[in-house]
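K.L.:
Let's have the full structure, built from the sequences with the hints guiding it.
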Amino acid sequence: MGGKSEFRPVDYDPLVDSLFVVAPGGEYEHSVMLGDDVILDFGRLSEGDKLDVIGFEILGASRKFGLDKHLLRRIKRLHAEIKISEDRVEMIISIVVVQRKRERERSRILEMANVGLPTAVTSISV
Numbered sequence: 108m109g110g111k112s113e114f115r116p117v118d119y120d121p122l123v124d125s126l127f128v129v130a131p132g133g134e135y136e137h138s139v140m141l142g143d144d145v146i147l148d149f150g151r152l153s154e155g156d157k158l159d160v161i162g163f164e165i166l167g168a169s170r171k172f173g174l175d176k177h178l179l180r181r182i183k184r185l186h187a188e189i190k191i192s193e194d195r196v197e198m199i200i201s202i203v204v205v206q207r208k209r210e211r212e213r214s215r216i217l218e219m220a221n222v223g224l225p226t227a228v229t230s231i232s233v
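Numbering (our numbering), first residue to last: 108 to 233.
No wet-lab data here; the hints were simulated from the structure. None of the values given here were measured: they were computed from a predicted structure. Certain hints may be false.
With a straight-line Cα cutoff of 27 Å, these simulated DSS-like cross-link-like pairs (lysine-lysine) come out [stated by the list, open to error]:
#: 1; residue 1: 183; residue 2: 208
#: 2; residue 1: 183; residue 2: 171
#: 3; residue 1: 171; residue 2: 208
#: 4; residue 1: 190; residue 2: 171
#: 5; residue 1: 190; residue 2: 157
#: 6; residue 1: 208; residue 2: 157
P.N.:
As structure tokens, this is what we get:
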């Protein structure tokens with residue numbers, strides 16, 4: 108019964124319109140909320156690694172990407188560049204979804220004020 112659930116690096120929940128992405132193998136430590144709609148997850152990708160962004164959640168994802176909720180359940184590929192500077196956090200996110208047996212790509216840049224996070228540059232591809 109209740110076997111181990113399958114690891115999913117990209118998960119979309121249409122009920123709350125939330126897109127969750129996590130790097131495979133990351134060890135979660137804590138989360139930081141940026142504004143009202145972005146959560147960054149911090150952790151380590153392997154023992155001894157420095158603390159880094161290992162995942163994120165975007166609330167209101169269908170609105171931000173201009174895609175229907177059912178399409179966000181069909182994400183084939185995702186790439187995110189996360190740049191944390193002294194004054195802001197910039198996320199460049201590209202997703203590929205499948206619509207009518209064809210791939211469709213959408214990219215968005217999200218910018219938020221830095222709330223005291225250390226500077227870093229991270230890439231996540233799944």
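K.L.:
Keeping to a limit of 27 Å between CA atoms, is the pair of residue 190 and residue 157 held or broken?
P.N.:
The given pair, whose Cα atoms are some 16 Å apart, holds under the 27 Å limit.
K.L.:
Residue 171 and residue 208 were given as a pair; does the straight-line alpha-carbon distance stay at or below 27 Å?
P.N.:
Holds: residue 171 and residue 208 sit about 23 Å apart, inside 27 Å.
K.L.:
Can the restraint linking residue 190 and residue 171 be considered satisfied, given a maximum Cα separation of 27 Å?
P.N.:
Holds, at about 19 Å.
K.L.:
Given the hinted pair residue 183 and residue 171, is their alpha-carbon gap at most 27 Å?
P.N.:
holds (18 Å)
K.L.:
Do the alpha carbons of residue 183 and residue 208 lie within 27 Å of each other, as the hint requires?
P.N.:
holds (11 Å)
K.L.:
Is it true that the CA of residue 208 sits at most 27 Å from the CA of residue 157?
P.N.:
Violated, at roughly 41 Å.
Consistency with the previously given hints fails for number 6 only.
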